[in-house]
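A.B. asks: In case you want the letters, here they are:
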Amino acid sequence: MLFQPINKNYHEFHIDRDKDLCINCEVCVRQCSYGSHYWDEVRGKVMHDNSKCVGCHRCEALCPTAALHIRKKPSEYRGGASWRPVFMENIYKQADTGGVLLAGMGSPVDIPVYWDRMLLDASQVTNPSIDPLREPMELKTFLGAKPSKLEIETGKDGKPKLKTKLTPQLELNYPIMFSAMSFGSINFNLHRAMARAASELGIYYNTGEGGLHKSLYKYGQNTIVQVASGRFGVHKDYLQAGAGIEIKVGQGAKPGIGGHLPGEKINDMVSETRMVPIGSDAISPAPHHDIYSIEDLLQLIFALKEASEYKAPVSVKIAAVHNVAAIASGIVRAGADIVTIDGMRGGTGAAPAMTRDNVGIPLELALASVDQRLRDEGIRNQASIVAAGGIRCSADAIKAIALGADAVYIATGALIAVGCTLCGRCYTGKCPWGIATNDPKLAKRQNPDIAAKKMTNLVRAWGHEIEEMLGGMGLNSIESLRGNRDKLRAVGLSDTEMDILGVKHAGR
Amino acid sequence: MKRVYPDKEFCIGCHLCEVACITAHSESKDVVIAYTQERREKGITSCKKVFEKGHTCVAVSCRHCDEPACVAACISGGLHKDPKTGRTVYDREKCVGCWSCLMACPYGAIKRHPVENKIIKCDLCQDREEGPACVAACPNLALKFEER
Amino acid sequence: MKYVIIGNGIASIGAIEGIRQVDKENPIMVIGAENAPAYGRPLISYLLAGKIKADRMALRPTKFYELNNVELKLGTTVAGLDTQKKIITTEKGEEIEYENLLLATGGAPFTPPIPGAEGAGVYNFTNLAHAQELIGTAKDIKRAVVIGGGLIGLKAAEALFDRGVDVTIVELSDRVLSLAFDENAASLAAGRLDEVGLKVRTGVSVKEIQRDAEGYVVGCHLTDGGFLQTEIVVIAIGVVPNYNLAKDANVKVDRGIMVDDHMRTNAEGVYAAGDVAQALDMLAGENRVVPIWPNAYNQGFCAGKNMAGRDTGYSGGLAMNSISFYGLPTISVGTVNPPEDDKNFEVAMKLDEKKKSYRKLVFQNGNLVGYVLVGDIDQAGMFTSFVKFKLPIEAETRAKLMAGEPDALHWPDEFFNETWNPEHTEE
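Residue numbers (our numbering), protein chains in the order written: chain Z, 1 to 508; chain V, 1 to 148; chain A, 1 to 427.
Simulated from the structure, these hints should not be mistaken for lab results. Among the hints, erroneous ones may be present.
Here are the simulated DSS-like cross-link-like pairs (lysine-lysine), alpha carbons at most 25 Å apart as the crow flies [stated by the list, open to error]:
(1) Lys165(Z) x Lys149(Z)
(2) Lys441(Z) x Lys52(Z)
(3) Lys390(A) x Lys111(V)
(4) Lys354(A) x Lys111(V)
(5) Lys53(V) x Lys430(Z)
(6) Lys247(A) x Lys92(A)
(7) Lys45(Z) x Lys29(V)
(8) Lys118(V) x Lys355(A)
(9) Lys81(V) x Lys53(A)
(10) Lys53(V) x Lys400(A)
Quick caveat, the model's predicted, so the values are computed rather than measured.
Whole structure, please, built from the sequences with the hints as guidance.
C.D. replies: In structure tokens:
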């Protein structure tokens, strides 16, 4: 192409503008933060540059006449099963830049999604199903260590009283929480929205590793504050602001590496909250430099418990990796009240594409093996398990609970609820949906009034669906399903897979 | 009375309110015909004005003031307060295009019709059952139609 | 009678609407010398020009008076006022008692003593009757001289010209529109008139109106020795407050009827509003007669509310004029001709003669106190906001104003939110 790099035309997307419908109102021009649409003075109409399109669909969504369609560019390479276009395009990019390929959001790689290969049971004849609209249905669950036995004594009033002292618990009205997305990676409006939604729903949202803005401390009762390797924004008030504390050891999308918030995304508010300078990159190291063993982890867990005066349960979040079951066992033995397993399909604001797409293991296998291991060791009651990374619908959530989770985390789902189309360019800081950006002009596209409402609606909707499915199985409480793998059957899985998942094949 | 209140914190400057305004005040009520043909031929114009300053923007239109400067300035009786609805009502037939209201309104809410020698001013979409079109079109709740 | 209003112009309408904001019941009496319900006085030039018909003159719908419980006494001139007994007497000798009286008698055309001015063929141009007379006359004449190059004179001239009359405007000062507009705006307006074919003679005045043996006007002798042939003369030099009724009743009068910040005169229960009143001028900070339309309405409205018992202060009038000459719109607001040697004033101008576009901004101690726009007037209202609300102007705002892009987002934040998004609470 004229005056352009040779591979400029090998772009991914193609903007279809219906000439009969386009009214040249320039809404698309104003919405596109990548400059794909522009007003052409000479031609006197709106034009576009396909090569700049990232496929976010913002223009399509706001076009008042539905004149725009964003499609994959139809151009085809000879390629083949091995040399798929993505590999070729990656090489073109790297040959130009010499850099690591960056990616955002969850991995698009075609690795089995076991949710889709497991089916739920329903009651027929012998044990009646339950209609959640007519009968009580309990979605409430508690996260935290449970005692091995309960001692009861008689109180002064002659009534029985719990003698055993319980450790702190997180009370959830739905077995769903908003997963860690740091303030900075997403903006303040969305943090506000998550906080409001969590508080409205009676669940929790996780601050992520970027600290908690002071104005959101009032939602502390529904907040889990995260402590990661960068220790951004971690101080006493912060640790005491949340109802729970989470140590982030690893992230499903990028196991083994740290985080990187580009300086462009660090404005005054982010800087103040993270306690880092404005405009300079905030890099969290790959490891916690004070954790090289389970014993070290134990020290941190108890340091945090001390800091919270033993009022907040402590969670440890790890990426789903090969020895996840053994690691989880160590975490529980180190005193964690909650273990969070983050699967490899989980999202990220920025990760090296190769890591995201090739490191870690699917959540389902990790979750099943962790639950089994803790049961086998007789310590399952000592910690709750939270499953994260790639929960797409209420069925995924309920299957995760049947596989052994106490609750699930959703993050990508919450973002999709507020408009995200998974274009995967979170790391550019130019998110046209106003999500993964702190550019005030873009960030205001997320009105917390709307975003909180949408997130609340999403969890409520899932809650209704979970109630329906639970009732269908003849269960009236989500806790009756936890680890109840008999309610799952596999389709088309190998014996090994079924063995790990602990489920029988359909028909058995 | 219910009025349209713009919120500059969340106006995203998309100008969809203008497109909606034009469509709502068109004959065809068809966005494509209204925005292209009717705009060109009949000079149909949006009652909204979008201001931008740095990253802030806001879409404003007639505030339907309790004591409007435009009514005080109108020499033709084309503008008056409707005692029932509280709206500042504009009678197109009476307007002589003297631009006194345009000058007097300190909210810049009055525009000149590009073709006719008349003004354009928000009527709160009085004929639209669902309320003002701009409010309905705003994708970010930056325009609210409510009692305050 | 609880409320009596003398005068039936825009101040009177303002007063009725003001009273009715507070008191929906007690009857109002409006006494008007003219025979028509309140009409848009500036519309007489539109009527004369044939742009509108007589049925569009009325300011309010026919039912307005009935709906507002107003007794309209038209064709009635008030001859006497007794502020002690609270009685007014009409020319016909009818006595009307009042509790609250509004003097909204407006202005009377000022006619200088020009020899030959008495008699047929010489007109004023301030009311409907004048316009109707001129409509009748215009079709029979070829030429007209308009004395006075102010707003009324120019509009009269333009209207007559539209009726096919060859018009010459005679203006004593060195330019037209010398009061309300500045030199550049005036010259653009004059240029537009000239293009169309109206003749403007400045720096001269009419010394004598020449009549023939039968008394018909034949021409005007000018002070420079020239002579203009014409069949009619329209005298449009200006209006003076019509305050004789008040003055004779010992109501305090200066250049107009003196009122306080509630539009009250010194006589108990007597208020004044409109062109006859000398009320607070916002920019001058003192009472002045500023005979312009919006002030009249606002003063009437304020007086009305006070008459009905609501304590309402008058925030002061702001001089403003909007007028078009053959499609060339001109607007002037506030102080537009600041004293040349006063260093507190700063003037910024942008003139494009080809495009007939002109903008003049007048700053006083950093605040915008006036502006003139010609041609490109669409931003006028926003400029007005900075004058009217006396908004602070920082460098960035000033640059926007200078660029002709006044902008509500350049208002102080708090003021913006109070105005546009009041009672809005962030969570």
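A.B. asks: Check the structure against each numbered hint from earlier and tell me which ones fail, lowest number first.
C.D. replies: Result: no hint breaks.
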